[in-house]
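Undergrad: Sequence:
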Amino acid sequence: MKKIIFLILSYIAFSFTTNAQSRFGIKAGANFANLTFSSGGVSSTMNSITGANIGVTFETRLSDRFILRNDVLWSQKGGITEDSGNNIKTTIDYLEVPFNFLYEPTYYSFVGVGPYVGYGFTGTIVSNGKSSEMTFEDGGFKRLDYGLNLTAGYEVFEGLVLSANYSLGFGNIIDSNTAAFKNKVIGISVTKFFKSK
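Here numbering that gives the first Met the number 0 is used: the first residue of the sequence shown is 0, the next is one more, and so on.
Treat the hints with caution; some may be incorrect.
Stated by the list, open to error - Pair by pair, the computed Cβ-Cβ distance ranges are:
{"#": "1", "residue 1": "27", "residue 2": "108", "range": "19 to 29 Å"}
{"#": "2", "residue 1": "39", "residue 2": "157", "range": "48 to 58 Å"}
{"#": "3", "residue 1": "49", "residue 2": "83", "range": "17 to 27 Å"}
{"#": "4", "residue 1": "132", "residue 2": "106", "range": "46 to 56 Å"}
{"#": "5", "residue 1": "79", "residue 2": "134", "range": "13 to 23 Å"}
{"#": "6", "residue 1": "105", "residue 2": "176", "range": "40 to 50 Å"}
{"#": "7", "residue 1": "79", "residue 2": "167", "range": "31 to 41 Å"}
{"#": "8", "residue 1": "79", "residue 2": "149", "range": "20 to 30 Å"}
Claimed, not checked - Listed next, the in silico PhoX-like pairs over lysine-lysine satisfying Cα-Cα at most 20 Å (straight line):
{"#": "9", "residue 1": "129", "residue 2": "88"}
{"#": "10", "residue 1": "194", "residue 2": "26"}
{"#": "11", "residue 1": "191", "residue 2": "26"}
{"#": "12", "residue 1": "26", "residue 2": "88"}
{"#": "13", "residue 1": "191", "residue 2": "88"}
{"#": "14", "residue 1": "181", "residue 2": "141"}
{"#": "15", "residue 1": "141", "residue 2": "183"}
Bear in mind the hints are in silico, worked out from the structure with no lab data behind them.
All C-beta atoms, glycine included, are put in the ideal place defined by N, C-alpha and C.
Required output: the full structure, derived from the provided sequences and hints.
TA: This is the structure in structure tokens:
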């Protein structure tokens, strides 16, 4: 995990030193997350939970219209399912890194797409009013999550950006060969950029 963080930070630092048009910002918002379940040809979608996304973002302008934007976020995901009348709420806290390639049709608006990777560092399961710590690996949940991120937004005025995103998980986040849970998230956020160069 430490090696992954080191590589991410090294890449971001390299981007800043090799490009004159770069920005750093802080980002905060809300996630509306759920989990899709599939097993034996049957699939269903859990009810959504509301979580947080908070972190930092780094932007490097590649050309007049194209931008590379990398985030390092604490991102909450999960879902709610019902079992025999009992609601079971699953919440997973991820360290998440999206790599978004943005296109600006106008100077202040953008659309983008890119991969993301996340590492689950903690989680809780609430059932019958009782909270228990999530078990990772060994038949429990997997720490690794990855998928595709779609985003769009608008720079309200210089340095203040409103954005929305849709993340579709590709990886099975449970340790099972017969069943799969995958993350889905709709997120909204506000970013405040500070010019670095």
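Undergrad: Do residue 27 and residue 108 keep their Cβ atoms within the hinted range of 19 to 29 Å?
TA: Given about 21 Å between the Cβ atoms, the range holds.
Undergrad: Would you say the C-beta atoms of residue 132 and residue 106 sit inside 46 to 56 Å of each other?
TA: holds (47 Å)
Undergrad: Would you check the hint for residue 129 and residue 88, treating anything up to 20 Å between C-alpha atoms as holding?
TA: holds (10 Å)
Undergrad: Given a hint of 40 to 50 Å, does the C-beta separation of residue 105 and residue 176 actually sit inside it?
TA: Holds: the Cβ-Cβ distance is about 48 Å, inside 40 to 50 Å.
Undergrad: Could you grab the alpha-carbon distance between residue 141 and residue 183 and see if it respects the 20 Å cut-off?
TA: holds (16 Å)
Undergrad: Between residue 181 and residue 141, does the CA-CA distance stay at or below 20 Å?
TA: Holds. Residue 181 to residue 141 sits at ~11 Å (cutoff 20 Å).
Undergrad: In this structure, is the beta-carbon distance linking residue 49 and residue 83 contained in 17 to 27 Å?
TA: Since the Cβ atoms of residue 49 and residue 83 sit about 25 Å apart, the hinted range of 17 to 27 Å holds.
Undergrad: Can you tell me whether the CB distance of residue 79 to residue 167 sits inside 31 to 41 Å?
TA: violated (19 Å)
Undergrad: So does residue 79 sit 20 to 30 Å from residue 149, Cβ to Cβ?
TA: Given range 20 to 30 Å: holds, Cβ gap about 24 Å.
Undergrad: State, for the Cβ atoms of residue 39 and residue 157, whether the hinted interval 48 to 58 Å holds or is violated.
TA: At roughly 53 Å between Cβ atoms, residue 157 and residue 39 fall inside 48 to 58 Å, so the hint holds.
Undergrad: Residue 26 and residue 88: Cα distance at most 20 Å?
TA: Measuring from Cα to Cα gives roughly 26 Å; hence the hint is violated.
Undergrad: Please check whether residue 79 and residue 134 have a Cβ separation lying inside 13 to 23 Å.
TA: holds (19 Å)
Checked against the numbered hints given earlier, this structure breaks hints 7, 12 and 13; the rest are met.
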